[in-house]
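**Q** Sequence:
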Amino acid sequence: MRQTLRERLTARVLLLSATVAVLLGTALGLLIVTVAGQRGAAREALRSQEALTTASLLQGSLVRIENGVRGFAASGRERFLGPAGEALERYPRQLARLDELVAEEPLQRRSLADLETGIEDYVNLWARPLIVLARKEPASAQSSLVTGIGRGRLAEIDGALEELAALKREVVRDNAGRADRASTLAIGFGIGGLGLVLVVAGGVAVYLGRSVVRPVRDVARATGRLAGGDLSTRVPAQREDELGDLARSFNQMADRLQVNRGELATRTEQLEHSNAELMRSNRELEQFASVTSHDLQAPLVTVAMYAELLERRHAAQLGKDLELVDGIRGATDQARTLIRDLLDYSRAGREEPSLAAVHAATVVEQALESLAGAVEAAGARVRVEGPLPVVLADAAGLTRVMANLVGNAVKFVDGRAPEVTIGAQREGTWWRLWVRDNGIGMDPAHAGRIFEPFQRLNGEEHYAGTGLGLAVCERIVERHGGRIWVDSAPGEGSTFSFTLPPAAIAHTSEPTVVSSR
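Counting from 1, one number per residue, gives the positions in the sequence shown under the working numbering.
One should not assume that every hint holds.
Stated by the list, open to error - Label-pair distances were calculated between CB atoms; the ranges are:
(1) Arg-93 - Ala-166: 19 to 27 Å
(2) Pro-138 - Gly-481: 20 to 28 Å
(3) Glu-116 - Ala-396: 50 to 58 Å
(4) Ala-113 - Ala-396: 50 to 58 Å
(5) Leu-107 - Glu-137: 37 to 45 Å
(6) Pro-138 - Arg-110: 34 to 42 Å
(7) Ala-377 - Ala-504: 36 to 44 Å
Derived from the structure by calculation, the hints contain no laboratory data. Don't be surprised by glycine CBs; every beta carbon is placed ideally from N, CA and C.
Given only the sequences and the hints, what does the whole structure look like? Please build it.
**A** Dropping the structure here:
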């Protein structure tokens, strides 16, 4: 009986011992698995953090490229290309490293592939061509800046980078969550065992909580604050393990971002200062042109009067030399026209437009009245296609733009009767007005150049003019917040378009046909 009891007791002890051993082994196994999972999560977090750091550095490189290219295009100063050139050399290596860091994540690889395509398009189709254009045609490059294409592409790239960073931050959070769940499972299993298992499991859990989970959580929280814009965020980095490496990488990334923000602020301030200086120089130049033009008017009028008096008093004595008097009169008239256009160009850049609701049909009618002689002499047919809108504009300025565009359409023809069509089309919340002709057209490569002052694609011996009309039009339209451009091809005519904001009054006119034979 005692032997049986002893055997039972021994069996129980053995069973209990075996149970303890199994529980302890299971707990230890779970703890080992948990630690391994947590270390794996830490390594993955470090890799993800490096990916975030690389993405931030890549973003900084793109910002330097954009600022450098825009600064060079705006000012023509080569020093802006220094940081941009370094960034152009550096960003391919950053892309390659980012590709290595997301190689095991199919979704992130697809996102990165789209991002690489966007960045290469931005660099090769925008930034590099703009640098070349700025060296050859600075004014065209400056006009390209107004379109905002570069900033729009950069904003798309920033969005893609933020999406990739969000995926990486989600990986960091998932790893921390897996570590938490594994730790909780180990602690729960230890509570269900014996006291020793409970103590061991509790001790291990406390150790892991302090040594692994807490640092990972600290880094995760710091990452959130950093993503929120607090670049002063740092984490302790005294440990000499993967978590210490993670903390140091995080701090290095934060340091680099803080330095980049400071450099960006400095560059922005320098660019704003350069822009202010450029605007001041332009104002002084315009004021000088205005004063000079006014001062030249009186001497030219005097010369014209003397030529007329010379013709009246000494016509018989001059004989054939009267042609010289006609030449003087013609030259003074041409100079006065040039001065008048210079004054218009100067005023168009200085004066703020008097904005009001203006009916485009009325503006077209006034413009055609001022061109009645030229339209009739050329045998031109001018047609208004469809209804015209009411826009928010300066009536006098808009009339000047329309008269100039129609006048050019009537003038720049090659033996054919001019046919001019005027129309309007809604584009978003704005209106696009256009003037189409059947004239000589032009090479599309010169489409931006013709809006520069004194730029004439055709010789003065063929077509009269000062070369300032389209420059005045551009200034007037830009003062309204719009833009003007041309679509053309040699021998196929041209279509000049410009945009204006709508007026509050929603009203349109009926189609109108005005012709002269």
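**Q** Going through the earlier hints one by one, which of them does the structure break, listed in rising order?
**A** none
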